[in-house]
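Protein chains: 4
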Amino acid sequence: MAGNSFGTIFKLTTFGESHGSAIGGILEGCPAGISIDFDAVQKELERRKPGQSAIVTQRKEPDEVKFLSGIFEGKTTGTPIGFIIENKDSKSKDYSHLKDLYRPSHADFTYEKKYGIRDYRGGGRASARETACRVVAGAIAKQLLPEIKINAFVSSVGDVFINKPYQELDFSLTESNPVRCQDLETAQKMESLIREIRKSGDTIGGTITCVAQNVPRGLGSPVFDKLHAQLGKAMLSINAVKGFEYGSGFCGAKMKGSEHNDLFNADGSTKTNLSGGIQGGISNGMDIYFRVAFKPVATLMQTQQTIDTKGNLIEFKGKGRHDPCVVPRAVPIVEAMTALVLADLYLHNHISQLFNNHL
Amino acid sequence: MAGNSFGTIFKLTTFGESHGSAIGGILEGCPAGISIDFDAVQKELERRKPGQSAIVTQRKEPDEVKFLSGIFEGKTTGTPIGFIIENKDSKSKDYSHLKDLYRPSHADFTYEKKYGIRDYRGGGRASARETACRVVAGAIAKQLLPEIKINAFVSSVGDVFINKPYQELDFSLTESNPVRCQDLETAQKMESLIREIRKSGDTIGGTITCVAQNVPRGLGSPVFDKLHAQLGKAMLSINAVKGFEYGSGFCGAKMKGSEHNDLFNADGSTKTNLSGGIQGGISNGMDIYFRVAFKPVATLMQTQQTIDTKGNLIEFKGKGRHDPCVVPRAVPIVEAMTALVLADLYLHNHISQLFNNHL
Amino acid sequence: MAGNSFGTIFKLTTFGESHGSAIGGILEGCPAGISIDFDAVQKELERRKPGQSAIVTQRKEPDEVKFLSGIFEGKTTGTPIGFIIENKDSKSKDYSHLKDLYRPSHADFTYEKKYGIRDYRGGGRASARETACRVVAGAIAKQLLPEIKINAFVSSVGDVFINKPYQELDFSLTESNPVRCQDLETAQKMESLIREIRKSGDTIGGTITCVAQNVPRGLGSPVFDKLHAQLGKAMLSINAVKGFEYGSGFCGAKMKGSEHNDLFNADGSTKTNLSGGIQGGISNGMDIYFRVAFKPVATLMQTQQTIDTKGNLIEFKGKGRHDPCVVPRAVPIVEAMTALVLADLYLHNHISQLFNNHL
Amino acid sequence: MAGNSFGTIFKLTTFGESHGSAIGGILEGCPAGISIDFDAVQKELERRKPGQSAIVTQRKEPDEVKFLSGIFEGKTTGTPIGFIIENKDSKSKDYSHLKDLYRPSHADFTYEKKYGIRDYRGGGRASARETACRVVAGAIAKQLLPEIKINAFVSSVGDVFINKPYQELDFSLTESNPVRCQDLETAQKMESLIREIRKSGDTIGGTITCVAQNVPRGLGSPVFDKLHAQLGKAMLSINAVKGFEYGSGFCGAKMKGSEHNDLFNADGSTKTNLSGGIQGGISNGMDIYFRVAFKPVATLMQTQQTIDTKGNLIEFKGKGRHDPCVVPRAVPIVEAMTALVLADLYLHNHISQLFNNHL
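Those protein sequence lines, which keep their order, are chains A, B, C and D.
Numbering of the first sequence is given in my numbering, commencing with residue 2 and proceeding in unit increments.
Numbering of the second sequence is given in my numbering, commencing with residue 2 and proceeding in unit increments.
Numbering of the third sequence is given in my numbering, commencing with residue 2 and proceeding in unit increments.
Numbering of the fourth sequence is given in my numbering, commencing with residue 2 and proceeding in unit increments.
Just chain A, with the same shape it has in the complex:
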């Protein structure tokens, strides 16, 4: 209802503002008996955290997760997994200058219109810090689905993009560079562009492509909760996302049916995959792939005009340590949200037919 939950069976509910004492969440519906690799969870958090490289924000947040329940002697118990991440670097004083103004293209104005009150410190609930909780839950989802391989990567920054199909990329190289682009030549160009943009006090947008491989056939559902509709919502719920397309995407809208149809092989696989691994809202066993557009970060290190809460036009310049481009740090978030969607649908499929597992 209040929009703090994602999933139905495998369900994450989060809480927390960027400058409260902690953020955290409750992960429900994780089946009992799964061994949790805590290092793997923490490693995903490290991929998202600020300060990890020269091209991201230099804020220091240790982002250490504490699990409070639902895991006993290293295994899930079937009860809700509560966890928190303390906000250790929440220098509230940095934010007093934001109290009485609305930053352009931020959530300040809209939150105040909705709630009549706003935690102005660093974006409050609107801060992308909330996504750390998604990364924790996504890391557990990945452990529930060890066979499924989920790989996201930066496919463009500004006008610089990877000019080859994902099949030619080596996913083992994702962490080899700070941009998280496996096409190393393109990665260098992207990194140069980001450094240049940062120098000018500006920011830049980009896209992330994500590929989920080895997904079982039959995940998703026919009508409102089509697999791609759920993936789309998952991605559009990430801060700064402006668009989502899967398979042929917007290009598919220019094509003819005779070009676009994916013909079958005898084993039910398809010769092409413009469907993006999903037909009628349900996975067909082929690779699921999609692309997500991120706008440039709205906080600039440049002076901009804006208004205060009384409607006076004022000058405003961002302070603090912000990302010149969010896509490198958003890669693990995209993967986490993908894992959450697939874990939920995977569990759903235990009840779509009654297999031979009558009690």
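Derived by calculation from the structure, the hints in this document are not laboratory data.
Owing to the predicted nature of the structure, the values given are computational and were not obtained by experimental measurement.
Please note that a few of the clues may not be correct.
Claimed, not checked - Sample of chain A residues facing chain C (criterion: CB under 10 Å; computed from the structure):
no., residue
1, 9
2, 75
3, 79
4, 351
Stated by the list, open to error - Only pairs whose alpha carbons sit at most 27 Å apart, straight line, appear in this in silico DSS-like list of lysine-lysine:
no., chain 1, residue 1, chain 2, residue 2
5, D, 320, C, 257
6, D, 89, C, 311
7, C, 89, B, 76
8, D, 61, D, 44
9, A, 89, A, 67
10, B, 257, A, 272
11, B, 272, A, 100
12, A, 100, D, 76
13, A, 76, D, 89
14, A, 318, B, 311
15, C, 257, D, 100
16, C, 272, D, 318
17, C, 190, D, 257
Beta carbons are placed, not taken as given, at the ideal position from N, Cα and C, and that holds for glycine.
Given the coordinates of chain A, work out where chains B, C and D should sit on it, guided by the hints.
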């Protein structure tokens, strides 16, 4: 859970296959005391129904809605609004040739993998016929929100597109041509292209743009249920949709922050609207606009290779009366889903703050 | 949200007023591949319908269910099962005398306070006619769970009650008398009492006991959705119910722990069953049994004082054909709601652990 | 889904085992702008906590709540309220003797059957410690509804009961004695009985009655979510509860309609209140009152026979510090759950009609 519902407070649940005796739905959460204009509901159904013009499928379905409950003496009573639309043209015999094969890029294969059983007559639950129920509910949602203006239109068919901003279009012209494109010159080119495509037994994709105007500030929520995430899911749940972008969309991913930020006017409106009327997941009172990509229809009047349910490669050619291009008929569906999202969020906003309406 | 749904995975949503053109529902989450015995469904409806014996209301409602979707060639397809029951005996003219008054201990007054509008014909949405939809869904739930035996019966009418434990009753005798009490001597006394009450234009309350046998271990959940909490809610949602107790119930509140604890046998069964088959909110494999209290029907064939909608005191006497005692007809409803709870929890248990049924 | 949430708009989700590092919860849907009285919250926790008097368990748990989010400068912000209560007295070593056995009438056996794994330390998730989170949320619910007065009290312990109507009790005396019974003579008898029972190493059941006054008309809904069905579920979800009745309750099942109907006064109030303030599932403005049965605590300080996890019969005697009777400490829990139900329904009612509060 099972994916047949949309919305939380203002909530539609649908049922029905294309060739059962009826499709229908239950609309819950409509406040009591709303006067229903039944003609307006039926008119929306007419916009969606087959056979309405020369460029859409020539199937004849009267698509007449019968309301069974929840409305008394012309007004909503606060109880669930049950309704059905009978399937009068369901010639089941037409479909026996589909029983033992999987059509390319259809839901046949994936449904059977999920459920182990499939109503093979005309797509069953996967048929776009289900969207008639959404149009009914959307028409009621529009009546709940008389101040909000929702206008969708065909912005491209194949390579033919409207080359001007939506602000230059006259929305009163939407129904003036069978394509539902207000730029009349472009509309003619689109219509010609569709006729040509149909002649060749092929199909073509397209895009729809939708604009919601006069939306109150404060609709939406901060995290998983951002307004644009809900719109995105709504659109991606429509048959044949491959992508969604709002505001600057995928173009925004190429821009700098200094270009992309929407500066405020003193009254809280913004000088530009790359945000697409939504900031931090919540409406800011500016126009909400977004674009939806539709793939070409998968059923061709051409012979294609496919497989039967035993995995033998066979030849297959579509029969019956299908749309060469879905976007003209999808316009009212896009509008209906937009109305459903906004109606739900509008009701949510009665409880985000406690206004002066204490007990 | 709006309170028209029951269940989470196996989920029924109903609509309909007693005097609209039809009532109906959507049953979601029924796994694909279940063969439906339509006669069994209709037979359950016959048990609930008016006019079935001399001691119930003499209204004539054929109560014939039409399935509109979700079943193909006799089997469930995994898609939602839509159904309607037409209201053939809805003589609206009978009810005009109810338009401007509030009957004592009915829902007239409270509905109008909530909604500001009311379908005054026969109780509208408040009519027990809605429970026919529950009986349809419950009959399908029973078919999903063929091993589980659910038997409800009338355990008291007014002061007349069965003075023996349920273990001494022969459940095959339930339908042998119009009261639905297997203790035949007591049944006769109950029937006499009901006839006498009816003759005086009065009504009388009663209780129903329900026993669910052969329930698998492990159904239910630890905290808010304890098995008995869900059964309690299910029962309290039936019209006229005033109380619910399971196992030792209210008597248990007088006992000592040393008397009340159920000691184990070596196989995990228990020597006594004051727990009522549920421990910690989860089934333990023993019989689940509970008791439900029904108040006397509020519509009397006697003159009572009441008020009109303007607050004037007036005289009022019930018209039409009402039940002098609801419990005989409520037996199939209690069974249906029990089946809905157990079916939902049974499906839940496919995902509480990951068994060997990894995809 | 997983049963850790209560409510729909005003919604609490809890996590935590008795012997993890903390328990906690997320409260969603609390409107923005409510000033929180933290002392009032803590005071409710003190009423529930162990060690507060000589007749309850002597465990020492400080039960101090830490709010982590959703409240800024003393006011709710509309975002989720996350909170934790640390488990400071969790001496895990005390519980190793429970690892390999199933205690009679506990959740040990059923949890292990459901999940295949069990946190055996002090009951894990089945521990009544979880209810502390409900008390926190309930205390906030009470602050949302300052006009509504909710008073619960111990109405019986074993065979000792209050022999007068609640109207004759002075609710200001609830905290005047450790039993929480306002009839002081009866309270003394109850206290003596509990001391005696404790001395014998046994336990005893009891009942709690709860009265909610000044409840607005119109709360609740017609069908599955009747107000009393939601109250019943709320109560039955509390540990050790065996039964629920409201208004006339089980006594009503023995009455005639002519005795049971509540006749109206001209102002819409009723002369009697056997309805318990609820008609047709919706509040009518009269006092809501109900009674809840609690079984005796299953942990005895006596030797009992039980089985180990291999099915061997063994002797078992409870250790540690347990309540001889739960009802005194359950009084604030009953009130909290009542407040949660009413707060949720109160918010629901902002959208049942569209009042004059159009945006």
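For each hint, the structure was consulted:
1. 9: 8 Å, holds
2. 75: Status violated, d = 16 Å.
3. 79: Since the shortest Cβ distance to chain C is 6 Å, the answer is holds.
4. 351: 4 Å, holds
5. D:320 x C:257: 18 Å, holds
6. D:89 x C:311: With a Cα-Cα distance of about 60 Å, the restraint between residue 89 of chain D and residue 311 of chain C is violated, given a limit of 27 Å.
7. C:89 x B:76: It holds: about 23 Å lies between the C-alpha atoms, which stays within 27 Å.
8. D:61 x D:44: 16 Å, holds
9. A:89 x A:67: Holds. Residue 89 of chain A to residue 67 of chain A sits at ~13 Å (cutoff 27 Å).
10. B:257 x A:272: 39 Å, violated
11. B:272 x A:100: Answer holds: residue 272 of chain B to residue 100 of chain A is near 23 Å, not above 27 Å.
12. A:100 x D:76: Given that 27 Å is the threshold and the Cα spacing comes to 16 Å, the pair holds.
13. A:76 x D:89: 23 Å, holds
14. A:318 x B:311: Given that 27 Å is the threshold and the Cα spacing comes to 66 Å, the pair is violated.
15. C:257 x D:100: 26 Å, holds
16. C:272 x D:318: It holds: about 19 Å lies between the C-alpha atoms, which stays within 27 Å.
17. C:190 x D:257: 16 Å, holds
Hint compliance for this structure: hints 2, 6, 10 and 14 are broken, all remaining hints hold.
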